[in-house]
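Student: Residues per chain, in single letters:
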Amino acid sequence: MSGRVRAGAFGPAQLGNGRNDRLLAVAAWTVPVLVGGVFGWLLFDLLRHGLGGLSWTFLTTAPEAAGRAGGIGPVLFSTLLILAVCLLAAVPVGMLTAVLLSGVVGRPPSQMRSTFLRSVRRSLDVLAGVPSIVFGLFGNAFFSIVLGMGFSILSGGLTLACMVLPIFIREAEEALRQVPAELRLSAAALGLSRTKTLTSILLPAALPGITVGLVLGIGRALAETAALIFTSGYVDRMPGSLLDSGRSLSIHIYDLSMNVAGGEPNAYATALVLVGLLLVINSAAASLSARWHRRG
Amino acid sequence: MARPADRVLSLASRVAAAASAVVVMLIALFVGWEAWPALRDVGSRFVTDSSWHPAAGTEAGTFGLLPMAAATGAAAAGVLVLATPAALLSAIFCRFYAPRPLAMIYRRLVELLAGVPSVVYGFWGLVVLVPLVRRLEPPGASLLTGILVLALMILPTVALTVDAAFGRAAEEHLAGGAALGLSRPTLIFEIVLPASRSGLATGLMLGAGRALGETMAVLMVCGNVVQIPDSLFDPVRTLTANIALEMAYATDHHRAALFVSGLVLLAAVSVLVLAAGRWGGVEPEMAS
Chain B
1 MSGRVRAGAF
11 GPAQLGNGRN
21 DRLLAVAAWT
31 VPVLVGGVFG
41 WLLFDLLRHG
51 LGGLSWTFLT
61 TAPEAAGRAG
71 GIGPVLFSTL
81 LILAVCLLAA
91 VPVGMLTAVL
101 LSGVVGRPPS
111 QMRSTFLRSV
121 RRSLDVLAGV
131 PSIVFGLFGN
141 AFFSIVLGMG
151 FSILSGGLTL
161 ACMVLPIFIR
171 EAEEALRQVP
181 AELRLSAAAL
191 GLSRTKTLTS
201 ILLPAALPGI
211 TVGLVLGIGR
221 ALAETAALIF
231 TSGYVDRMPG
241 SLLDSGRSLS
251 IHIYDLSMNV
261 AGGEPNAYAT
271 ALVLVGLLLV
281 INSAAASLSA
291 RWHRRG
Chain P
1001 MARPADRVLS
1011 LASRVAAAAS
1021 AVVVMLIALF
1031 VGWEAWPALR
1041 DVGSRFVTDS
1051 SWHPAAGTEA
1061 GTFGLLPMAA
1071 ATGAAAAGVL
1081 VLATPAALLS
1091 AIFCRFYAPR
1101 PLAMIYRRLV
1111 ELLAGVPSVV
1121 YGFWGLVVLV
1131 PLVRRLEPPG
1141 ASLLTGILVL
1151 ALMILPTVAL
1161 TVDAAFGRAA
1171 EEHLAGGAAL
1181 GLSRPTLIFE
1191 IVLPASRSGL
1201 ATGLMLGAGR
1211 ALGETMAVLM
1221 VCGNVVQIPD
1231 SLFDPVRTLT
1241 ANIALEMAYA
1251 TDHHRAALFV
1261 SGLVLLAAVS
1271 VLVLAAGRWG
1281 GVEPEMAS
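Taken in order, these protein sequences are the chains called B and P. For the first sequence, counting from 1, position 282 maps to 282 in the numbering used here; every step adds exactly one. For the second sequence, counting from 1, position 53 maps to 1053 in the numbering used here; every step adds exactly one.
Next comes chain B alone, as it looks inside the complex (with noise of 0.2 Å):
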């Protein structure tokens, strides 16, 4: 399953000779070594600059002065706002989208429902393709002008939902098919109905893999800028109700270090936040998968 073969394989005496082999080496060894290194100095940069910033103040407290004191108080709650209703708006709508596109509930596919399949995987394709500032447009068209929802954390989450959706669905959809189908087969014997089945059989066998589709959806939504700007707005007061502005963490960091003079150490500190918070996701959607990957 690996595909992974090697030298070792072989005997190195049988591949890894020749002057050719050797320059290959050398410059498969240049670019992870390059890779590793900047993101070596961009995490040292960071910490470098923003360690000092970071307190429980820093994260409690609201800005002053444009951000340049003070600290992410109001802009790590806007954020948690945004996601929570991104997350909201994207799960059910993408579990239930899955549900349908593994195929795992239900007859298989006629003609029509096929074709039908077929157009919903290609549009999710191009969903996922469509740059992060024409999301902004469209958001900023639709959810705040059409809908009259202003700049709004909700205008902004649902935003991030649309985004986060096809993600959603690709992770949900593959761990609904990687359920073995004895189990499916064995509820149907047993005369469960199809809705049962789903809930009790499939979902909880699914969970981990669903899970992992959950966090890169999160990961997504919390390192997006662009397509905020114009949906969720600037303002970075504590919001009221989802129907107030609220400013993201990653528009912070964009707004200290563009707008504001002196802003630079409170955008490394935040930076620092985000980091943080999107490396502790990630690290934790790999590990999930790898061990849900082992189980499987």
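Don't take each hint at face value.
Some chain P residues judged to face chain B by a derived CB distance under 10 Å, without partners named [to be verified]:
1. 1012
2. 1029
3. 1033
4. 1037
5. 1042
6. 1046
7. 1085
8. 1097
9. 1112
10. 1116
11. 1219
12. 1233
13. 1240
14. 1247
15. 1265
Computed beta-carbon distance windows for the label pairs [stated by the list, open to error]:
16. B/27 - P/1066: 35 to 41 Å
17. P/1039 - B/243: 20 to 26 Å
18. P/1164 - B/111: 27 to 33 Å
19. B/188 - P/1164: 30 to 36 Å
20. B/279 - P/1275: 17 to 23 Å
21. P/1100 - B/261: 33 to 39 Å
22. B/27 - P/1026: 42 to 48 Å
23. B/111 - P/1059: 52 to 58 Å
24. B/37 - P/1044: 47 to 53 Å
25. P/1003 - B/41: 57 to 63 Å
Computed footprint of chain B on chain P; a stretch qualifies when at least three of its residues, placed anywhere within it, have a C-beta under 8 Å from a C-beta of chain B [unchecked claim]:
26. 1018–1028
27. 1132–1141
28. 1192–1200
29. 1211–1217
30. 1249–1263
31. 1266–1273
Derived by calculation from the structure, the hints in this document are not laboratory data. A virtual CB, placed ideally from N, CA and C, is assigned to each residue, including glycine.
Fit chain P to the given chain B structure using the hints.
Tutor: Leaving out everything else, chain P in the frame of chain B:
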């Protein structure tokens, strides 16, 4: 078999799937709808006007998108020039040269790199790379800085796709090639690489799509001057950065013109994604 709960489930899942599919159409529809007044009244001047001063209205203003489209294209091309060999070497490293544990660690590192937000790359580019490039040639915020940051951002996407394609090709052909007594470079370049061509094409197209559509990083490191770049050190403004910069105060036809550039981006990326899906679906044997 048609129990009420099952009917509800079946109906709900079909409605949800239709809704998921409709999102992309809604996006095209609304971006197109907002762009329409400018398409109607400005039309071909998006291509023929040489400058960009849309705030003066349809009569007095100019609406040339070409300088920004050129900047977007130049950035994407530069990214592909850097990222293609890097991604290939990265996959060659993982599959043929790295000890197994190191390959695993490196793959994990690349995945982490893919998760770093674009605004953080942009910030890092702004405070670290821009001053470095400025030492070479001022002003520092330039096409080159943009290409460097973008290449770093795109590399994981391309590298992981190529790596997966190499894995499939190696599984099929490597034992046979080794049995023929071919050397490692010959195996890689004569057998594995041709067999993974479609995977490479898919990865490159997805990477190009991301490079065209990326906003924050280029907005922060490219300098945002509207001009057709003469050299790598010229500051440029991409289509995406232009939208982010001007949406806040754009009204009427200016706003509609920004939606036109959004429409152009949407069309370009859709073509790339659909082409990637088509090429990726072709069997390597048939492609040759």
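Student: So, against the hints stated earlier in the document, which numbers end up violated here?
Tutor: 4, 5, 6, 12, 17, 20, 21, 27 and 28
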